[in-house]
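Undergrad: What follows is the residue order along each chain.
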Amino acid sequence: MTAEYIITFDNTSSAIKAEQYLLAARLRVGVMPLPSQVRAGCGICLRLPEEQIGAALEVLCGNSIADNGVYVRTAAGNTYVYGAVDDRSDLWNGN
Amino acid sequence: MEIIDMLGKPCPIPVIEAKKALARPGADSILVKVDNFVAVQNLEKMAKGYGYGFTYAEKSPDAFDVSVSLDGKAPPVQATAADVPQDIQCAPGEGLVVAIGRNTMGEGAEELGKILIKGFVYSLTELPAPPAYVFFFNSGAYLTTEGANTIDDLKKLEEKGTKIFTCGTCLNYYNLQEKLAVGAVTNMFGITEKLAAAANVINI
Numbered sequence: 001m002t003a004e005y006i007i008t009f010d011n012t013s014s015a016i017k018a019e020q021y022l023l024a025a026r027l028r029v030g031v032m033p034l035p036s037q038v039r040a041g042c043g044i045c046l047r048l049p050e051e052q053i054g055a056a057l058e059v060l061c062g063n064s065i066a067d068n069g070v071y072v073r074t075a076a077g078n079t080y081v082y083g084a085v086d087d088r089s090d091l092w093n094g095n
Numbered sequence: 001m002e003i004i005d006m007l008g009k010p011c012p013i014p015v016i017e018a019k020k021a022l023a024r025p026g027a028d029s030i031l032v033k034v035d036n037f038v039a040v041q042n043l044e045k046m047a048k049g050y051g052y053g054f055t056y057a058e059k060s061p062d063a064f065d066v067s068v069s070l071d072g073k074a075p076p077v078q079a080t081a082a083d084v085p086q087d088i089q090c091a092p093g094e095g096l097v098v099a100i101g102r103n104t105m106g107e108g109a110e111e112l113g114k115i116l117i118k119g120f121v122y123s124l125t126e127l128p129a130p131p132a133y134v135f136f137f138n139s140g141a142y143l144t145t146e147g148a149n150t151i152d153d154l155k156k157l158e159e160k161g162t163k164i165f166t167c168g169t170c171l172n173y174y175n176l177q178e179k180l181a182v183g184a185v186t187n188m189f190g191i192t193e194k195l196a197a198a199a200n201v202i203n204i
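Protein sequence lines correspond, in order, to chains A and B.
Residue 1 in the UniProt record's numbering sits at position 1 of the first sequence, with consecutive numbering throughout.
Residue 85 in the UniProt record's numbering sits at position 85 of the second sequence, with consecutive numbering throughout.
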């Protein structure tokens, strides 16, 4: 299974707008509550497959939607581990 | 002796109903009919926990007669669905049915409700014991059909053993009958039967 990425937001309105832009861009965006391991951000976050995270960030940037953070999520048994992505250059370059 | 027919009833209903029957005034012994051995074991745990008499007979691989008698002991405190003995083991999610009758969650701003319901559907995938059934009806049908970004999460739920059904009348009304993307179609009898047999229902 490939990695997935989580985008968090400062407020719910941004998360709602972001989902609408990503759906309009036909990206495979999923909605989920903010995982308890991720402390920062509003209660709703968006989930994207690895191959689409770069395109998603591009869409959000192009529509002036600021995010609160990007996290990579990997499965660990029955749960998930979330790691903050500090350097986004790899995500952008990959797309 | 009161006979309690628990055939087809999901865990933990047989134990709850047995306790209710034993708690009734004048009850001395009961015969509980169940269709699986886990239910027999759970009734045994309940009975022995109180020091009651317990015997069972296997009538066939899916029919067991369980006898529980107070044997002079005090009757149990009446149990409810929210008061299941801790040592009772139910299979994951057995007895939980989720009914989603719209494509939003809560009252108020529609765009907020629409994103909340998606978060809720995702959250079901992270329950330690996923629901046995999730039913979608009325505008809830928009969550199981092409174009919905809840499909991936619902497929994950299916992988975990949850059965997903959408109301056929509703698919027809919204002209979505060719667009079902996860689970199967059901009718009002299917929905009603499972809701009636559920130990717990989450109604959205």
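Hint data in this document are derived by calculation from the structure and do not stem from the laboratory.
One or more hints might be untrue.
[Claimed, not checked] Cut-off 16 Å, straight-line C-alpha distance, at most; resulting in silico cross-link-like pairs (EDC-like, lysine to aspartate or glutamate):
1. B/160 / B/126
2. B/20 / B/35
3. B/179 / B/152
4. A/17 / B/126
5. A/17 / B/110
6. B/156 / A/4
7. B/33 / B/71
8. B/155 / B/193
9. B/179 / B/159
Undergrad: Decide, hint by hint, whether the structure agrees.
TA: Okay, the hints, checked on the actual structure:
For the proposed pair residue 160 of chain B and residue 126 of chain B, the alpha carbon gap of about 10 Å is at most 16 Å, so the pair holds. Between residue 20 of chain B and residue 35 of chain B the alpha-carbon distance is near 19 Å, which puts this suggested pair outside the 16 Å criterion. Between the alpha carbons of residue 179 of chain B and residue 152 of chain B the distance comes to roughly 15 Å, so the proposed pair stays at or under 16 Å and holds. Among the hinted pairs, residue 17 of chain A with residue 126 of chain B is inconsistent with the structure: their alpha-carbon atoms are about 25 Å apart, more than 16 Å.
Our distance criterion of 16 Å between C-alpha atoms is met by residue 17 of chain A and residue 110 of chain B, whose separation comes to about 13 Å. Taken as a hint, the residue 156 of chain B and residue 4 of chain A pair is honoured in the structure, with Cα atoms around 14 Å apart against an allowance of 16 Å. Between residue 33 of chain B and residue 71 of chain B the alpha-carbon distance is near 20 Å, which puts this suggested pair outside the 16 Å criterion. Between residue 155 of chain B and residue 193 of chain B, the direct Cα distance comes to roughly 23 Å. Violation of the 16 Å bound is thereby established for this hinted pair.
Between residue 179 of chain B and residue 159 of chain B the CA atoms are separated by roughly 20 Å; this puts the pair beyond 16 Å, and the hint is violated.
In this structure, the hints that do not hold are numbers 2, 4, 7, 8 and 9, in rising order.
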